[in-house]
Structure formats: structure tokens, C-alpha cells
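Please build the complete structure, drawing on both the sequences and the hints.
2 protein chains.
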Amino acid sequence: MKTTEDFKTYYAVIFTSTLKTNAEGYHEMAEKMEALAKLQPGFLGIDSARNSVGITICYWESIDAIIKWKQQSEYLTAQEKGKTDWHSLYNVKICKVEREYSLSALQ
Amino acid sequence: MKTTEDFKTYYAVIFTSTLKTNAEGYHEMAEKMEALAKLQPGFLGIDSARNSVGITICYWESIDAIIKWKQQSEYLTAQEKGKTDWHSLYNVKICKVEREYSLSALQ
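Read top to bottom, the protein sequences are chains U and P.
Taking numbering that gives the first Met the number 0, the leading residue of the first sequence gets 0, the next gets one more, and so forth.
Taking numbering that gives the first Met the number 0, the leading residue of the second sequence gets 0, the next gets one more, and so forth.
Warning: the hint list may mix true and false statements.
Since the list gives no way to pick out one identical chain from another, each pair is judged satisfied if it fits inside one copy or across any two copies.
[To be verified] Calculated pairs, BS3-like style, for lysine-lysine (alpha carbon to alpha carbon, straight line, at most 27 Å):
id: 1; residue 1: K37; residue 2: K95
id: 2; residue 1: K7; residue 2: K95
id: 3; residue 1: K7; residue 2: K31
id: 4; residue 1: K31; residue 2: K69
id: 5; residue 1: K19; residue 2: K95
id: 6; residue 1: K19; residue 2: K7
id: 7; residue 1: K67; residue 2: K95
id: 8; residue 1: K69; residue 2: K95
Hints listed in this document are in silico derivations from the structure and should not be mistaken for laboratory results.
Structure representation (C-alpha cells):
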């Protein structure tokens, strides 16, 4: 296990959601939002998985980078669409990542 | 969108992983670990989804609660097993949840 001693805190936006049974167009918009995030200053990465609940976590250098990303009109548009059309439940958490451990190994 | 003004910070442990192709026994141990976490003081909830990457996030009242949970021998056993047998890649992030927004609606 590797622990980085000079660890620099960064931020995670955790988005969890449950889709309505009729969620046409959701996946196209999710891909568009991911592509947009990757273009923003301060973007560090993204993790995403979906079963009955969907989890997307994107990582940012700072709260300021998150605010600028949120201000992007396409993101706001997608969020509004999400509230009205796609999700029966969603939750957004803004978190400061304080410690991290990782392992990578050959298969 | 609901924002809780008297929001009390809490903690999230983000666990992301990629399983090896031969990961026999993983799901049984994952269920056992989830059941164990739910019994611990300070446990607040869990979100989990898996596609090509698996994401599990568990939420805790404090860092102290996370440390006590980690000290549980079954958790440590599972982690060791995970490092050697199941995962080709895994990462653990300890985060402070600073802000939260949510929406719930009828289907």
C-alpha cells in the first residue's frame, strides 16, 4: 500500500442518483457532461458506475474549479433536465479528500 | 433543491476498484463487510455500484468512527485478501463532506 506523504488535498463531487424507468436521453447527456468536465481547468478525473443506483464522482483541484464548472451553462441545463425528467432521486455531495491509499498490480 | 443550512460535516470513504477476472468469493466478502460496517458506531450509510469499475462509498460521523471500523479484524482480513486475490487496482479516499444537496420525487 502506498501512502503519499506530501499529499495535497483536493475535492470530490459525489453524485448519486436513481433514474426513472423512462430516462430516454440520459446517457447521451451524461457523456456530454463528462466531456465538458474534462475540458474545465482544475479537473483531475472521474469515476462512474451504475446498477440500481448510479454513482459518479469527479475530482477537482479546488472549490473554485468546481464553482466554475457548475457555472457552465451546459451543466446547469443538464442539471435542470435531470431534476425534471430523468431522476427520481439524486444527491450531490462536495467533499475535501484528506487522505488516499492505492494499490495497482498486474493482472 | 434542498440545502440544509445547519449542515453538519461528516466523512465519506470512497473505495474504487477493478476486479481481476478470477475474483471468486469477492461478492460474499463484500456483503459481509457491508453488514459489519452497518453494525459499527458512527455508521451513516453506504452507496455501491459496479460496472467495469466498482465504487463503494460509506459514510461516517467522524474520522474516529472510520478508524474504529478499520480496526475490526474482519475488515482488515478482507482488505488483505483484496490486495492479494481479488483486485488488480484499488484506491481508498478519506473525505470530509462539506456541502450537500438533494432531491427526491415520486416516480
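We went through each hint and held it up to the structure:
Taking the closest pair of Cα atoms, K37 and K95 come within 27 Å of each other both inside a single copy (19 Å) and across two copies (24 Å). For a Cα distance limit of 27 Å, the shortest separation of K7 from K95 qualifies both inside one copy, at 11 Å, and across copies, at 14 Å. Taking the shortest Cα distances, K7 and K31 never come within 27 Å of each other, neither inside one copy (29 Å) nor across copies (33 Å). In this assembly of identical chains, K31 and K69 lie within 27 Å of each other by CA distance solely inside one copy; the values are 14 Å within and 38 Å between copies.
For the identical chains of this complex, K19 and K95 are neighbours neither inside a copy (30 Å) nor across copies (30 Å), given an alpha-carbon limit of 27 Å. Taking the shortest Cα distances, K19 and K7 never come within 27 Å of each other, neither inside one copy (38 Å) nor across copies (30 Å). For the homomeric pair K67 and K95, the shortest alpha-carbon distances inside one copy (17 Å) and between copies (21 Å) are both at most 27 Å. In this assembly of identical chains, K69 and K95 lie within 27 Å of each other by CA distance both inside one copy and across copies; the values are 17 Å within and 20 Å between.
In terms of the numbered hints stated before, the structure departs from hints 3, 5 and 6, listed from lowest to highest.
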